[in-house]
Structures are given as structure tokens and as C-alpha cells.
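Those protein sequence lines, which keep their order, are chains B and S. Per the numbering used here, residue 1 is the first one in the first sequence, and the count goes up by one each step. Per the numbering used here, residue 117 is the first one in the second sequence, and the count goes up by one each step.
Read the hints as simulated data drawn from the structure, not as lab findings. In this text, all values refer to a predicted model and were calculated from it rather than measured experimentally. Among these hints, one or two may not hold up.
In silico SDA-like links for lysine to any residue, alpha-carbon gap of 25 Å or less [as the list claims (entries may be wrong)]: (1) K70/B <-> Q113/B; (2) K199/S <-> Q108/B; (3) K199/S <-> N167/S; (4) K158/S <-> F68/B; (5) K199/S <-> G156/S; (6) K78/B <-> G156/S; (7) K78/B <-> Q157/S; (8) K158/S <-> Y25/B; (9) K158/S <-> P116/B; (10) K158/S <-> Q44/B; (11) K158/S <-> S22/B; (12) K194/S <-> Q44/B; (13) K194/S <-> I230/S; (14) K78/B <-> R63/B; (15) K173/S <-> S97/B; (16) K78/B <-> Q218/S; (17) K194/S <-> H126/S; (18) K55/B <-> N217/S; (19) K173/S <-> Q2/B; (20) K115/B <-> E10/B; (21) K158/S <-> Q108/B.
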Amino acid sequence: AQTVTQSQPEMSVQEAETVTLSCTYDTSESDYYLFWYKQPPSRQMILVIRQEAYKQQNATENRFSVNFQKAAKSFSLKISDSQLGDAAMYFCAYRRSAGNTGKLIFGQGTTLQVKP
Amino acid sequence: EPEVTQTPSHQVTQMGQEVILRCVPISNHLYFYWYRQILGQKVEFLVSFYNNEISEKSEIFDDQFSVERPDGSNFTLKIRSTKLEDSAMYFCASNLRQGGNQPQHFGDGTRLSIL
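Just chain B, with the same shape it has in the complex (with noise of 0.2 Å):
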């Protein structure tokens, strides 16, 4: 079974500087998706940014990129010129391709916090 881990339970970042927040999975499959959705205080998760494992290429959301590394089976988020209303709780998420109903599978969260 796959698993999402996000050892993070909370980061702290001053606001313009760059934050970046950890993820690890672990699947037995080549084909995947991995997302990270934001999770504000009004609990909506919003889509920050997402990343076809077939691509080689690191995904780029203007201020907010990611690091994947299929071997090492990682994908960390990075924040770039963070602002307060970056505050929020950040999940990492995991998506079977082929065969499955789509259904997402979370990390824990990482809850960041912007100081002004």
C-alpha cells in the first residue's frame, strides 16, 4: 500500500524569505501523481501545485516550486518569497495512475506559520 509521510508537524518562516516543507512516499509504482493542496484557516484545500512522476522536470507555480526525487522518492515544496498569506496547514498528496478511482492518498500536514 502507499504511504505519504510529512515529518514537518509545524515550520515557521519570515515573510519574504523562502521555506521549504519536506514529503516522502513510498509506492511500488513507475506511474504516479504527487500534489500539495493548501489548507487555510477557512479549511477549504486549495491545489497549490502538482507533478507527473513520468516527468523529469520540477513543477513551477510562480512563488512555489517543488524538488522531486523519484529514486529517493521524495517531493518537497518550496515557498519562495513567502507571504502572510502563505499561512496554512500544507498536506502532500498521492495518486495512483492507471487502474484506480482516484482517490488521493495524505501526509500528515505541515502546519507553516508566517511571521511578519
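Following the hints, position chain S against chain B.
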């Protein structure tokens, strides 16, 4: 942008009572999910639903749980006889396709408190 909506935002129920959590997925989406998040713990998959039937369910989703899409728009999660350990946030999600890199869209969640 279309959203997944969930009602109520907070439900308080006595142990042993039935509860129905409601969700309106995005209108053209075909795949529907329920997840739950016990306070301080990870988000856990409960069930996926497609073409008016359950396509996958987790070990958590036992006989006390059921889902249905009664009218083509609402997607409901029913817990027949609630237990204290059912207290959690319940999230509904929908997706246009089950696979690929299409993200699931989540609702705001319903906080279920069992007394």
C-alpha cells in the same frame, strides 16, 4: 470559478443518531469522494463514487456509512448510528476525471461533533 459546496458547516449530533452530510459537487464532474480528518490527524479517504455506485471504499467505510446521489446534483454521506469516534471534519471532493493530473476540488468541509 465553480466550487464544491457542503452543508451544514457544523453538525452536532447525539451518539447513536443518524446524520446526513450534504455536498453539491461541481456540475460537470463525474467522480465524487468523501474524506475525513480527525482533529490533528491526516486526511483519510473514505469512499469514491462514480456512475451511481461506489467504486472504492476504505476500511473506515463500514456498514454504518452509505453514500448516494439522489437527484443528480447532491452527493450525500449518511452515518446510520453515530459513534464518538465519528467526530471529525468531513470533506467532499469531485473530479472531472478519475485519473491523470486533474486535481480534485474540495468543499469547505462539515465539522461533525458527536456528543
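Verification of the supplied hints:
Proximity of K70/B to Q113/B is assessed by CA-CA distance (about 28 Å); at most 25 Å being required, the pair is judged violated. The suggested pairing of K199/S with Q108/B holds, with an alpha-carbon distance near 23 Å, which does not exceed 25 Å. Under the criterion of a C-alpha separation no larger than 25 Å, the hint pairing K199/S with N167/S is inconsistent with the structure, at around 30 Å. Among the hinted pairs, K158/S with F68/B is consistent with the structure: their alpha-carbon atoms are about 22 Å apart, no more than 25 Å.
Restraint check for K199/S and G156/S: satisfied, since their Cα atoms lie roughly 18 Å apart, inside the 25 Å limit. The suggested pairing of K78/B with G156/S holds, with an alpha-carbon distance near 23 Å, which does not exceed 25 Å. With a C-alpha separation of about 23 Å, the suggested pairing of K78/B with Q157/S holds against the 25 Å cut-off. Taking the CA atoms of K158/S and Y25/B, the gap is near 14 Å; set against the 25 Å cutoff, the hint holds.
For the given pair, K158/S sits about 28 Å from P116/B by alpha-carbon distance, which is inconsistent with the 25 Å threshold. The hinted pair formed by K158/S and Q44/B meets the criterion: a straight-line CA distance of about 15 Å does not exceed 25 Å. Distance hint between K158/S and S22/B is fulfilled; the C-alpha atoms sit about 15 Å from each other, no more than 25 Å. Annotation: proposed proximity of K194/S to Q44/B holds, straight-line Cα distance about 21 Å (limit 25 Å).
The hinted pair formed by K194/S and I230/S meets the criterion: a straight-line CA distance of about 14 Å does not exceed 25 Å. Between K78/B and R63/B the CA atoms are separated by roughly 8 Å; this keeps the pair inside 25 Å, and the hint holds. Restraint check for K173/S and S97/B: the C-alpha separation of about 18 Å stays at or below 25 Å, so the hint holds. Of the pairs offered as hints, the one joining K78/B and Q218/S holds, with about 21 Å between alpha carbons and a cut-off of 25 Å not exceeded.
Proposed proximity of K194/S and H126/S is supported: the alpha carbons are some 15 Å apart, at most 25 Å. Distance check on the hinted pair: K55/B and N217/S sit about 12 Å apart at the alpha-carbon level, within 25 Å; holds. Restraint check for K173/S and Q2/B: satisfied, since their Cα atoms lie roughly 15 Å apart, inside the 25 Å limit. Using a Cα cut-off of 25 Å, the hinted pair K115/B and E10/B holds, with the two alpha carbons roughly 13 Å apart.
For the proposed pair K158/S and Q108/B, the alpha carbon gap of about 4 Å is at most 25 Å, so the pair holds.
Of the numbered hints stated above, those contradicted by the structure are hints 1, 3, 9, listed in ascending order.
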